[in-house]
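In the order they appear, the protein sequences are chains A and B.
For the first sequence, the residue numbers in the working numbering are 1 to 471.
For the second sequence, the residue numbers in the working numbering are 1001 to 1273.
By construction, these hints were calculated from the structure, which means they are not laboratory data.
Here the structure is a predicted model, which is why all the values come from computation and not from measurement.
In silico EDC-like links for lysine to aspartate or glutamate, alpha-carbon gap of 20 Å or less:
#1 B:1159 x A:349
#2 A:170 x A:74
#3 A:277 x A:240
#4 B:1159 x A:208
Computed footprint of chain A on chain B; a stretch qualifies when at least three of its residues, placed anywhere within it, have a C-beta under 8 Å from a C-beta of chain A:
#5 1154-1166
#6 1234-1246
Quick reminder that beta carbons are idealized off the backbone N, C-alpha and C, glycines included.
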Amino acid sequence: MVGRAALAEIAEEVYEHPEEGNIYQLSQNMKANHVSHSRFLPECGLMRQEIVLMGLNHKTANVELRECIGFSADEADAALPAFQKDPAVSEAVLLSTCNRVELILAVSDTEKAILSAKNYISRSKNLTVPEFEKSLYIHTGDDAVRHIFRVAASLDSMVVGEPQILGQMKEAYRMAIRKKTSGVILNRLLHKTFFVAKRVRTETGIGDHAVSISYAAIELGRKIFGDLEGRKVLLIGAGEMAELAVEHLIRHRVGDIFVANRTFERGLAMARQFHGKAIRFEEIGDALTHADIIISSTGAPGFILTREQVKKVLRPRKNRPLFFIDIAVPRDIDPDINRLANTYVYDIDDLQGVIEENKEDRHREAMRAERIIDEAVIRFREWYEGLDVVPTIVGLREKLWRIAESEMKKSLGHSLSHLSEEDGQAVRRMMNAMINKVLHDPTLFLKNKGCYGDKALYLDITRKLFRLDEE
Amino acid sequence: MKILINITLLFYFMSTAGYSAYLFRQKEYLHKSGFYLLGTAFVCHTALIGWAYAKSGIFPIHNLHQILSMSGWALTAFFLAFQQQFRLKVMGVYAAPLALFLMIVSARFPVEPVQINSTFRSFWLIFHVTLIFLSYGAFALACGAGILYLVQENAIKSKKRGFFYRRLPSLELLDNTGYACIITGFTMVTVGLVSGFVYAKWIWGKFWSWDPKEVWSGILWVFYAILLHERLAVGWRGRKSAIMSIIGFAVLLFTFIGVNFLLKGHHGEFTQW
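This is chain A alone, in the form it adopts within the complex:
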């Protein structure tokens, strides 16, 4: 199969040898290239390609199976050419994350392609086909397209609206490009996918609301402080969730970070990690004068910050707001502090409450996203159906006729207005004959009298050259 890169190579060759740079030479080169690269039987070119999606996700397969079938980057690197080796498969993209494996194929023979893909998985993963077959879903045509759109828009994710999946999908596509296993159809499909995912993200609120503790804390922080830039953070104690929250805050360019720990050495180590400053546990009271956001996550049995302690610092702080995030269980921060002016205390249950609310919102937004996706599926189908010989030739002919008609109307109306009705008819006939002659060779070419291999590529180029698809 000749991909874009190969075409570019040919073009470069021509450029380097200007004496050979005529159209005839170009087509001869292409042909030669084709024959030598083509793995298809000649008649394959005649067959229509179909988009097939095969995969499993967190809903259909348990974690053991997903772990087993998941492809590492290296494995995917090897798998892509292997899938494509099957004569029934012309293009392949493989997405593998911890929650899903999706294999997207453009195939000429659906049955054969699915069978060979299953066999490859069974071989490479040391599983018998029945062991994983039940967890697989297989979509073709519109359903496959819709599924891919939904996955990229994060409607199919375990946490609806989570943003990582789009990045993972882009990475999967990049790999397919590197391995040259993505061609006209999948290129178009994936570009559309990224476009749709972006549209869903900007036009619906699906990604608006935080659904993890640390994100929820940041969302609240932004409602209190507006901009988090330059706000000082005090981290009391340690813990995975607290550290994650601090990392998120750093990404929002907060100012100084103070770390207080019962063991000062531990505090020093963590302060180094965040480029912050370690303070002694006894100094917390003083640090409150400076800090704006306090994240607490110690194993202490009682409150480590009392209402009195906080009340004392309000005046020296000139009542600038204080935001306490208490991730510890049992709680570190006296909830009564929330009753002081300009101080806000959120404990883990409160944050969990924020998350639950946000999840509901996301599901509502997901409905709107589905509508955007339905529309995109229809648009894609229109392009895809156009990507066939007959519609392309019809489109070409219509386009040329439209141009001829309008030019004829202009000329007959002005410079040729002295012509009689019959002369006008003669001009029209001449135009018609010209169009037929001009289109003769391209038509033959597209009808496979010189077009081997990946017909979709030539159809796509033709459609692009003459701009037959309105964008």
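Following the hints, complete the assembly by docking chain B onto the known chain A.
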């Protein structure tokens, strides 16, 4: 005249509708249309006042209709200028209906002034009145920011986030906005009062005549002066500052309207009808 009033009312109404729709749907184009409709209303309103001025040759602040209309105009003017600066979109939801309300009430009173005292034809008077009215607009917005602050603060404190939590900006922004409004309003009211004193000296020969309006304006000035001082010195901000700006606006309303109806004085004839 009647037609222009109605057109102005219509645009204020449409702007209010646009901003209300924005509050619910949160679409940028709704906010934009609310803003431009308000701008159009403002242009009509300016034409209306300009016409009244041209027709009678005196600054149109001589009956309740004109006073209310002028205050609505000042509020809109301040809001439009301010919106460019602060980008606090949700504020239109407060400003547009308020201007609409002022206009509706204004339109219910007779247009023609009862009688005109010739001492009211001075530049100083126009300067005095315009500044005072603009400062009232600023304080009205400060009150709005204060209300929004309290709503948002309550949502965050009570941990019951809802409709408004999502739609209102951060506490910090609301607080800063209120503060900026008060600073601007305070500056204007100060200059406005001083120009009033100068004018009084020129007309009546004394700066201060213990007129109830003067006394209440003095109270108002001291109130906002304290508010600003405490904010800078001790850090009166957030909730306290929000509550104070709402109370301040209540004092302002009394100074503006209440004094004229309940007490006598040389500002009285402005609100006759």
